[in-house]
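Keeping the supplied structure of chain Y fixed, place chains S, U and H upon it in accordance with the hints.
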Amino acid sequence: MAASPASLRLVRAAGGRELTLLAGCLLTVLVFSLASPYFLLAANLATIMRNSVELLIIGLGMTFVLAIGGIDVSVGLVMGLGAIGVGQALLAGLPLWLVVLIGPLCGTLIGAITGSVIVFGRIPAIVATIGLLGIYRTAIYALLGGSWLSGLPTGLTTLVRMTPAGVPLPVIVILLLYLLAYLLLRWTPFGLHILAVGQDEARARLAGVAVRRVRFLAYLASGCLCGIAAVSYVGTYRNVEMTTGASMSLDAIAAVVLGGTSILGGRASLLGTLLGVVLLRMLVNGFTLIGVPSLWQSVVTGVLLLAALIAENLVSGQIPWHRLRRGAA
Amino acid sequence: MKNPHHRSLLLLATLWLVMLLIFVLIRPAILQLSMAESVLHFSSMLALVGLGQALLILSGAGMDISVGGMVSLTAILTMMAVQAGVPAALIPLLALVIGLCLGLVNGVLVISCRLLSLIATLGTMFAYGGLALALTGGATVSGVPGWLLPWGRGTLLGIPAHFLTTVMPAYLIAAAVLALTPLGRWILAMGNNERSARLVGIPVGRIRFILYGVSGLLSGLAALISLAWFGSGRPDIGTNMELESLAAVLLGGVAIAGGRGGVGGVLAAVLLVVGLQAGLQYLNISSSWQLGVVGLLLILALLSDRLPWRFAKRV
Amino acid sequence: MDKADPFIRARGIGKHFGGVTALADVDMDIREGEVLALLGDNGAGKSTFVKVLAGAHQQNEGVLEVAGRSVVFASPQDAAGSGIATIFQELALSDNLTVTENIFLGRELTTKVAGFPILRRAEMRRRAIALLQELEAHIPDPDRPVAGLSGGQRQAVAICRALNINARLVIMDEPTAALAVAETRKVLTLVRRLAERGCAVVLISHNIADVMAVADRMIVFRRGRKIAETTRPDTHAEELVSFITGAHPSLRVLEQAH
Amino acid sequence: MRKLRTAWLKSAAFGAALALSPLAAGAQAADLPSVAFVPQLTGIPYFNAMQAGGEKAAKEFGVHFIYTGPVDANPVDQLQIVQNLVNQGVQAISVSILDASSLAPVVAQAKAKGLKLFTSDSDAPKSGRAVYVAQATDEGLADTLIDELVKRTGSKASIGIVSGDSTSSNLNTWISLMQARVKAKYPGIRLLAPQFAGGSADRADQLASDLMTAHPDLKGLIAVASSTCPGVGQAIETAGKIGAVIGTGYCSPNTVRSYIKSGSFGFSVLWDPAALGYLTVWAGKQLIDNKPFAASNSVPGMAQPIIYDAGTGILLLGAPTVFTKDNVDKFNF
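Chains as they are written, first to last, in UniProt numbering: chain Y, 1 to 329; chain S, 1 to 315; chain U, 1 to 258; chain H, 1 to 333.
For reference, chain Y alone in the conformation it holds in the complex (with noise of 0.2 Å):
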């Protein structure tokens, strides 16, 4: 049970994954910059940048909240709730500075709830957020009413696209926020305790740690963030609809489990997550470039992912292709 190699060669494994996926984004590159004159455009890489800063922050939370084992389905929603309240806050002509922290608020808010539910209602995280899931686009539809937030004011916007000392504001952003994260993963107890909890909620437990505390403030934090992707939402796009963030769930968690964090929790991988979301829109973005039909772009996301961890359980020897044995959690 203890100290089996099969253990140790999963370890190495997951380190292994961002030299992987660092080697996959660079293959893209190369392959879509020979196929394609644009690809490599100073403009183009911009876009791909643009297309990743919601996912690359809302990943940044679904990092932490499948390290503590859990998983949330309802992230994408959250960020919709955030940039209705952005948005909101833009048309009632706010100070920039409270517009800019309504986003973070209103996703801590809601962070706060989903965290309560499973933690203290003591519900499987799967569960609660289907149910959430349902409540925050019924909340979504309620609250927009039918009409868009379109054509909003372009204060906000001007903020997104600052470029100080020639880097865009949302790089400098992310940066810092991935830096933060893995500031606090690596060098604070509550990283430690965060990676203890995934691991083994009972032992961690008796090892003294507040795991609900830690399971709570991991759901907060992903809040939290999905609020900060909603203020680079609204000024990206200066359009809240109906829609917004839907789709965003699935794609977070399949970046973030692209990336390497396991979600078993115990495992967690920011420069995983970073490289996971930035090689799914490469991708998306590399084939619209040469030509392939936007259709085949989650055909595309479903066979990367699970080819890699296909690979990837070759690679350890998960894999006993002399018998059917075990199934999974």
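No wet-lab data here; the hints were simulated from the structure. Every value quoted in this text rests on a predicted model; they were computed, and no experiment measured them. All C-beta atoms in this analysis are idealised placements derived from N, C-alpha and C, irrespective of residue type, glycine included. Incorrect hints may have been included.
[To be verified] Distance windows between CB atoms, simulated: (1) H/Pro216 x Y/Met162: 49 to 59 Å; (2) U/Thr111 x S/Leu183: 54 to 64 Å; (3) Y/Tyr182 x H/Ala184: 58 to 68 Å; (4) S/Leu17 x Y/Arg213: 55 to 65 Å; (5) H/Ala319 x Y/Ala35: 26 to 36 Å; (6) H/Arg152 x Y/Leu143: 51 to 61 Å; (7) Y/Gly93 x H/Ala310: 48 to 58 Å; (8) Y/Met162 x H/Lys261: 18 to 28 Å.
[Stated by the list, open to error] Computed footprint of chain Y on chain U, listed as stretches where at least three residues anywhere in the stretch have a Cβ under 8 Å from a Cβ of chain Y: (9) 77-88; (10) 94-100; (11) 105-114; (12) 236-247.
Showing chains S, U and H alone in chain Y's frame:
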């Protein structure tokens, strides 16, 4: 009420009554035969998909979120095959076989390749659903022969024909297998405690593999109903079915970790969800409310599961 | 055994669960620097007693004194605060964390930076190495995840955890269960070393050979009562077994008396 | 235990009651004839405007107006809603068809109950519907958009298309008619394969950006679904291609006002959806009253006569409106 499964059935029955009562109080005209008939009509596909989902979850194999994609892709592939020259008489067989194969792909991924079920089926959800759209460009594929339509649209003994001929037998068989056969006991045992099930020699992997096939088969059946109903293959017919079926299964009292629950509750939950939807529509309330109500019910149902337990523990 | 006050002094400890008496009238002294083995059949009451010590249960009757002060532990954290550490059978180690991180889990050394607690990793690592060396536990790299360690090494990490909170009493629940022979020997050595370091060690074990190898004193439980107390020089394996099974002649008298 | 259960039931009943509280609005005068309109999906400004127009007409013509539609652009959900209206015995039901085949199952039922089923905004020609209330002919819409766009891009250009759901039959019809128009009339124009954003602004933005990158010579971008309009406009602005790439589409003035003003949208083609909703309810009333449509009808409250083509069964609102910088501020929908 020692048996938690009975408890959740009681809960569903109560919810049903409460719902019916509210609706009838507001619009007595809602009590009409055609209403019941259309609820059954719209329940069929969800009930079948939910059954596969329920069996998988009961066995502890985890959830299958590719069911919607399987239904769409099966419908599309079946009709594409017909357009490519396969005799239309083979449509029922074709739909079942394609569904089965897609389900078994999930089985291979989870059991043989040892992917976590949630992730494996997330991948196939993207792949199946995406393929259905990509292969057709979003257009429907027509060519369903006329003789299939009465089955999809008509009624037998006042019950929608497809409900009578698929859902009822499927649930009866599933309930009988779970209650009366060793296989049924095994499924519940391995869902309850996988390790000890293995120790006593239950072929856990093989059974789960078969159940993935069953889930695919039922999705294929749902796809067949959609063909007979609409008269064409639709690439988006399974949209949202993964979450709807999961909600129904969980609302039906099946424990997400497996081993606890039964299929009767699932059918009751499907009828509750569809009935709620129909009732709200009858009152001309935006169907967006239905999502929230189902979500709320789901959470409340699980909270109610917790409360007495927690209460008892404190004493 | 001629040391001054015992670290733990328990008198008349009783514990009921509903109408069931799990523990009745147990007296016990536990001294620092000695290994005390608790023996008994399943359900004999040794685990219940240990849980009272560890703060997992509260006694219904009797007085528990730790270092001369009467206490009732409300939680395991309370007990830990009094210097009592429990090493659970499942060890409570996180496989994905490193040796150092596990030793300090829940009690990390931090320094505040702008109000936020930041881990002092270098210091934690230094102390971990020191502890491991002190125990002569052969763990080459404190930065490796414990997932790769052997059963004995994991016991060493768990013991380090206990030492790290300056535990004066370490309770070990079946530390050698499921260990290979060589590993068992290493763990027993660790137990001795822990006692030599001045710790009190309470060992729960079913393995008479292990007990005879390390324990200074043995206490046998039967049906919720302490029925025998002896020391290593005064007993032998057969006698212990006969106490446990209730076959010992002195017990017949005792049981008839009740 | 018993106490808890009752408490739970109370809370469940309360929750249900709470959820149902808006249904007070659903209580209605039963004696008025009812006309229903089922949009492709609820919660988008376009159909909201149709709803407003329908309500206005309902007051005018003394009918009860029901507006209800699916949350997603999902044909099964839409069918269920239509089925439900049939069960309710709503005398005239009009549907903006998501997919031409999806109505087939209920047509016979409606006929059997003597209810009038007709289409509005998006048609299902072979379904046996009573009439199609059209905003404009599909050809008229496609041709106007292409003609107006070519006027601005010149007759040699590449033009991209960003649509919504790939399964919406009316969007697909327009796309194929646009392609036909280009083929017939503008040999120098290259219409790129349509991309589908599925109704979200961020996906539309992404696809539009990618199209502009992949085709640096791109001169026009068409947002076919109104839900993709803001994304396309935003993408052109962000890419700094205002003037170089001309955005357009079937977009309501409110949705694209800021983009038309910034110049990223050259124009937008649409009709007045409120008028379409108005006409829909009028047509429903005519059907209920069993009054046949004349070749040219004068509808109270509408300025222009409404043309009816008996051959195709189409009731035509009129020519589409082209919104530009000059007139966009005159409209509010």
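Checked against the structure, which of the hints given earlier come out wrong? Hints 1, 4, 5, 6, 12 are the ones this structure does not satisfy, whereas the remaining hints hold.
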